[in-house]
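S.K.: Chains as they are written, first to last, in full-length UniProt numbering: chain A, 1 to 899; chain B, 1 to 899.
Simulated from the structure, these hints should not be mistaken for lab results. Among the hints, a few may not be true.
Here are the computed lysine-lysine pairs in the BS3-like style, where the Cα-Cα straight-line distance is at most 30 Å [to be verified]:
no. : chain 1 : residue 1 : chain 2 : residue 2
1   : B       : Lys-446   : A       : Lys-313
2   : A       : Lys-317   : B       : Lys-446
3   : B       : Lys-737   : B       : Lys-504
4   : A       : Lys-277   : A       : Lys-216
5   : B       : Lys-317   : A       : Lys-313
6   : A       : Lys-120   : B       : Lys-313
7   : B       : Lys-277   : B       : Lys-209
8   : A       : Lys-288   : A       : Lys-867
9   : A       : Lys-216   : A       : Lys-288
10  : B       : Lys-288   : B       : Lys-313
11  : A       : Lys-216   : A       : Lys-331
12  : B       : Lys-277   : A       : Lys-446
13  : B       : Lys-666   : B       : Lys-216
14  : B       : Lys-657   : B       : Lys-209
15  : B       : Lys-120   : A       : Lys-313
16  : A       : Lys-317   : B       : Lys-313
17  : B       : Lys-446   : A       : Lys-277
18  : A       : Lys-120   : B       : Lys-317
19  : B       : Lys-288   : B       : Lys-317
20  : A       : Lys-216   : A       : Lys-657
21  : A       : Lys-504   : A       : Lys-446
22  : B       : Lys-120   : A       : Lys-317
23  : A       : Lys-36    : A       : Lys-216
24  : A       : Lys-277   : A       : Lys-209
25  : B       : Lys-36    : B       : Lys-317
26  : B       : Lys-313   : A       : Lys-313
27  : A       : Lys-446   : B       : Lys-317
28  : B       : Lys-120   : A       : Lys-120
29  : B       : Lys-867   : B       : Lys-216
30  : B       : Lys-36    : B       : Lys-313
Residues from chain B that face chain A, not an exhaustive set, calculated with beta carbons under 8 Å [stated by the list, open to error]:
no. : residue
31  : Tyr-68
32  : Asn-73
33  : Asp-74
34  : Ser-86
35  : Gln-254
36  : Asn-257
37  : Asp-264
38  : Glu-268
39  : Asp-269
40  : Glu-306
We put the beta carbon where it would ideally sit given N, CA and C, even for glycine.
Residue strings, one per chain:
Protein chains: 2
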Amino acid sequence: MAVCVDVLAVVLLLRVAVLGFPARPPPQAESSCGYKSCPATQPSMLNVHLVPHTHDDVGWLKTVDQYYYGDRNDIQHAGVQYILDSVLEQLLADPTRRFIYVETAFFFRWWRQQDSATRKAVTMLVNEGRLEFVNGGWCMSDEATTHYSAVIDQMTLGLRFLNDTFGACGRPRVAWHIDPFGHAREHASMFAQMGYDGFFFGRLDYQDKARRIRDKDMEMVWRASESLTPPTADLFTGVLPNGYNPPAGFCWDQSCNDPPIRDDPNLEDYNVDNVVKRFIEIANDQAKMYRTNHIIMTMGSDFQYENANLWYKNMDKLIRYVNAKQSQGSKVNVLYSTPSCYLQGLHQANLTWSVKMDDFFPYADGPHDFWTGYFTSRPALKRYERLSNSLLQVCNQLEVLGGPNSRKGPYGEGDSDTLQEAMSVAQHHDAVSGTEKQHVANDYAKRLARGWAHCETLVMYNPLSRMVSWPVRLPVNGSDYMVLQPHGQVLDSQVIPVSKATRKIRGDRGYAVNELVFRVQAPPVGFRTYVVSQMSRQHPPVAPQPGTPLSMENQFIRVTFDPDTGLMNTNVHQHNRHLTYCNSVVQEVQQEFSPWVSQVVRLYWGSRELELEWTVGPIPVEDSLGKEVITRLDTNINSSGYFYTDSNGREMLERRKDFRPTWDLKQSEPVAGNYYPINSRIYIKDKVNQLTAVTDRSQGASSLQDGSLEIMLHRRLLYDDVRGVGEPLSEPGDDNKGLVVRGRLLLALTPPKDAADIHRPLAEALVLEPLLAFQTGELHPNTILEFSGLQASLPPAVHLLTLSQWDQESVLLRLEHQFQVTESPTNSQPVTVNLKKLFSTLEVVGVSEMNLSANQWKDEMNRFDWKTSGGIVTFSTGNTNEKGIFGMCQSCLHKCEVF
Amino acid sequence: MAVCVDVLAVVLLLRVAVLGFPARPPPQAESSCGYKSCPATQPSMLNVHLVPHTHDDVGWLKTVDQYYYGDRNDIQHAGVQYILDSVLEQLLADPTRRFIYVETAFFFRWWRQQDSATRKAVTMLVNEGRLEFVNGGWCMSDEATTHYSAVIDQMTLGLRFLNDTFGACGRPRVAWHIDPFGHAREHASMFAQMGYDGFFFGRLDYQDKARRIRDKDMEMVWRASESLTPPTADLFTGVLPNGYNPPAGFCWDQSCNDPPIRDDPNLEDYNVDNVVKRFIEIANDQAKMYRTNHIIMTMGSDFQYENANLWYKNMDKLIRYVNAKQSQGSKVNVLYSTPSCYLQGLHQANLTWSVKMDDFFPYADGPHDFWTGYFTSRPALKRYERLSNSLLQVCNQLEVLGGPNSRKGPYGEGDSDTLQEAMSVAQHHDAVSGTEKQHVANDYAKRLARGWAHCETLVMYNPLSRMVSWPVRLPVNGSDYMVLQPHGQVLDSQVIPVSKATRKIRGDRGYAVNELVFRVQAPPVGFRTYVVSQMSRQHPPVAPQPGTPLSMENQFIRVTFDPDTGLMNTNVHQHNRHLTYCNSVVQEVQQEFSPWVSQVVRLYWGSRELELEWTVGPIPVEDSLGKEVITRLDTNINSSGYFYTDSNGREMLERRKDFRPTWDLKQSEPVAGNYYPINSRIYIKDKVNQLTAVTDRSQGASSLQDGSLEIMLHRRLLYDDVRGVGEPLSEPGDDNKGLVVRGRLLLALTPPKDAADIHRPLAEALVLEPLLAFQTGELHPNTILEFSGLQASLPPAVHLLTLSQWDQESVLLRLEHQFQVTESPTNSQPVTVNLKKLFSTLEVVGVSEMNLSANQWKDEMNRFDWKTSGGIVTFSTGNTNEKGIFGMCQSCLHKCEVF
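Bound-form chain A, shown alone:
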């Protein structure tokens, strides 16, 4: 019983702790739903697929619950409960009508309140394909500021509900990200691995769109991974014609003012002829941008269909009157349809499609309208979301390790549902993105906090699949402490004064004047207990030495600071130097650049990375100027305009200043137009050196000069950006004077060939930080001081992405290969993991492999195949501008599988 780990990710359903492995259920029937349910089209005509839909933000101007109930309609008129009520009625009234629904966070709330007759009616509609779920995650996640780990979780949560509730007919065939502000390649890769047949979105750079319209290149195959053998991460991708709105003049929602179809000749302003004429013109114009005799029209928008009758009554008429023209020779055929039925039409056209290999960032909707600030917006929320993900994984793992009693077991309360839902909501493209109103951001944070309250643990815990070592900083008032390891050995520790910058965040460190610093270790998927005692003798800590020239150094790095500017200079030792151990756990320099910008530079003994802890805020706005605060790292690396950013925290993408791989860029914003989202890291390199910055949250970053990296840390604005949110991004903080934010950058300067071996585990450890818990007093004699859920650490390439209880007898396990193809000579290789010998306390009695989102058996995945232009796929291999050729990834899929 073993598994080969290569893709993102091997997803396994393990049967544990039961005698005998239950028979796997037979493949689910899709009698009348799915593609089989699609309405007939006319091969000799232009088929216009009307797709009735609503776009229901899981929070934006209102909170998710306000949106659900239709509360606070003074802010925005929107009530999802009524949308679903209304659509249901209208679908039942006419079997030709269709509707799609997207956001399971809302559907779940609604379903829970329905009686059995209503549930039966909905199930019938789903089974007949009249109500189709698309996308189907808990929310429509942001693509710029989300981490793949949390995205997979939120998709799994939503899709599982649909699967459990409706079976195969509830499984979405199409991914549908009509609103996110740019599109990440890793999202496409994930969607492919989740089994979607296609993907549609609405927003892309206006220049890109113009080029695609001109070249009839609005639909393509996105090859979304450098590492995976096509078509594993291939995803058919279409750009929708009108964002996600209906064509101009054809919006019949209660929120629109377009004229209804007035077909009673006895009343004024009979307009059928005019409407039909305009519609046929629009359809023919749209057909010029696309390649087949099928076109799609999105008939809906934000929170529409609260009164679905308005839409359907007019669309019924539209279809009737437009198609009636066919008897007079019209070649336009309009029908109610869905994205999957439209996709099927495209697939049946059997064309060869272009291949897209970069991503869709940054997004601009005009020459001076780049949507890149939100990569950094609300940095505190972004950090809290990231930290919450870590806790969620801990919580999930504890439920597995604690068994049936986990909710009240030795690991403390472990009800992960609340946090899972809060985290899933937080992935929404107006949540962690920072693009929501302030009160909504507060609500997301409150939900996460409530999730935390359901996940309190009583010990420190390491959710990673390998031993980790990390510094602990405890606020103390004394100056001499002893730290004991589980077996009684004394651990090196150090007391340092709390920095002035640290005090700026109220409540941080409480009233403590010092910090006790020591470096702890914890075993994989486990914990270790340390005992801290105050010593009676008290030496004052070493006081900071202001103004003097400084340097710090450990085995790997030497840092010096310019005595005049405070700017630091870092050198990496080419060979390990045998420095004398100087009884120093950490060396640190505190720098204050202004009353609202300060930094602590820390070098831990034994670390290959330098830590920059920045504190920014309150950003002053008394000068009536909004501000965006960056940190910039200048090197002599010959980066030649190239830099590299992660995609949702996983694969790295090459970026080039003032350049887009897909079209001839007319750069109009030299800064904003070169910003990209980073979720975990950014690097620049030349043949000798690579500077990698690993971050603790999602941010915006760029390289505007060769050898330079910059990361935006915080921002505060005085004007709304006129995109709907209706308030400037000016976070008030606790005292309404402006928010103070703190964060960390970890810098690693290495030869390029070694870089991934450093930054991959570093980023992994930063994403899934160990959790600390404390108790006072004497240890109970029976206290377990150390525990590991694994029999041994997993190999460095394998990341324990998910370990969570699935049902009474099953555990969901995701094993990820966390190295990209070619980036590490050692680690970019397949790895085999023996599942039988994986856990220390669980007996694995059976295993089934699933797709990435765990809503389909892997061997039942049967995605559409698409012909692409060029059988050989090329990826750039770096700033040398050489192109490597590979038709295969370093996959082990052909030689090993789950057994």
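Given chain A's structure and the hints, the job is docking chain B onto it.
M.R.: What follows is chain B alone, placed relative to chain A:
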């Protein structure tokens, strides 16, 4: 076969021109609708009747068809087709839900578009009382600016549709004028005579309402006629608690922002407890203002229920959760109900109610917010509406007289439906009232014009039931003409120059420089043909003589003009003087007071009245001041603060300056607070003299000084009044420079005892003006030169209110007694009319008497009886402040009836 005429009006369905009189249909069954269908209430609790309703203006900010379809939602979100769709669905979903519908103009449009399954479902709902029609006229008519004739017609049109479609279950039991801006006594009288059991409205003077709340006098019996024996014109009348809106915080329409009921404890902000508490408080507070253990709450407002689910879903919860409190001792019982079910609750309480005898004008919603300007607003539209009513009666009569071929018969096209609908729409309280937006006013005028186009006649026609004589003014360019009567006699005629004021209205008189004036006569319900020929000899007309002192005189009146001011002085000859006939059909004086105010004073030979033709406009606003233009008539009549205005053109009501009969008025607006609507006339009097001004349209008028009368003619404003219409009343006119309006006042100065004998027929003739039509060339030898549809004129007291074709074999006849009790020694007496000998060309073979609105057989009327305080009814008999006592009107009902 005869009928006694006394009430307003004897309404007869005549069977004509068929052999044998068909059996009268049996009384219609009301198995499960009506009062029998009312939900059970709790005798020991406070019963809160929730009345779900929508108020659908038949035009206001949008035109009636825009409202129906939901077009121009940019102006106002409103689409009646969707309201009816949505309510139907929601009613079918739950048998406890109720809804009322009011405006048949909209329901008719909707019904016509439904399929048979929908019609069947609606019929079921009506039969079960779940959908109840209230009011049920074509529109909810204005009460200040409408003429009773047109109101009766529009009510008849709407109620007939309901009767024809749904039978007895479609007959409204309750009149419902929730929005009109003040309430006319004549409306109440009409509603009583139409068989309504009760009447509810929303708007009354704020002081009046405060007094009624204080005294628990919100519900009463309105004794609405001085002339009719109670309870013929008694109408139970209730003031609704919140206008027609729901209580604060309980509006769940899509147009409202009140919080929905959030009853899912898993979501945020569960608010059931709070909602229930607030509701019970509000119900108990409201109960303090009313007398029984039933209260009504209007759950709806303007164009609400477009998405009825929002309302019903939340009201379902409200009812469930509030009534659930009964198990804990709550004494509040909430239920879905209707106005008639609420009325039944009041009736069963068997209380004695106060009696109201004045009316509810003027309406003020604040100390400086009197709604009295609209009595005059849009004077041109008001005139056009009045003229159109006259044409409609002609058209109706012609269809009867022309028989089955009337639509293409000798009387020309006579399809009255279009004009009937246009007139019915024009009665709406934002139509003839002038309170609509300009573009909507244009639409009403356009509809009337379209109605005219369907009613073109080829001859001149007199719709009155007696011979009339009236002056004709033909635009001519010659100066000598001969006018011949049917039998060849020459008629006196006169040519006068077109006045300067006349030319101010573009197109009026075309390019003619002169007018040919002669006085014609036409027989009752008939026509007479005159032949006009131009003479070869041409004497120039008498030129006007500017600046000289002037006087004019006929048999009855002498008028002199002050040579300095132009102000005129009028004397009535105490005895007819034998003046020499001076070959003058008319004497006229043209007066120009300013470039935009002029007047022609005309005295016709043989007339008892003086005609003032006023021309006002464009009202200048270059000084940034809006203006209201009045004409004031000063006399030495000792009026002692009293004056008299008509109610909807019928009974006269006594008014008194700075006084209300019902409460102790705190007068805050000495002008606006004393204005009253007049539809046909106003007078002041003392024991010797009465000055009566008869008007050609509805206007506002007052008497602000003893002996003085003033009438507002035209108005133009620069600011919106902040009551929703959103534009100032500034009519642009054809050239956008401001509207010029012309009209006539007829003044009669008589002893009081003779006044009614003059002003009743005068007003009748002005309301139902003869219609003129012209043809050129030689008369065909077979042309009928003269015709009367009656065998003889009816007596002066009897007005032929309606003569219209009902169906193939029936004709609807309304005979009105047009004199009020005591106002004429001669004419305020019962009159008997012999129906057999009435018509000259119709054979009456049967007759059935109906209620006023012709939707119920008279002898099946069975209205609720109400106990009133005081068996003796008192009316003021005039400004002598004496009170006359009479418990009986001069009725003939006890001695004669239809036979």
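S.K.: What are the numbers of the hints the structure violates, in ascending order?
M.R.: Nothing - there is no hint that the structure violates, so all of them hold.
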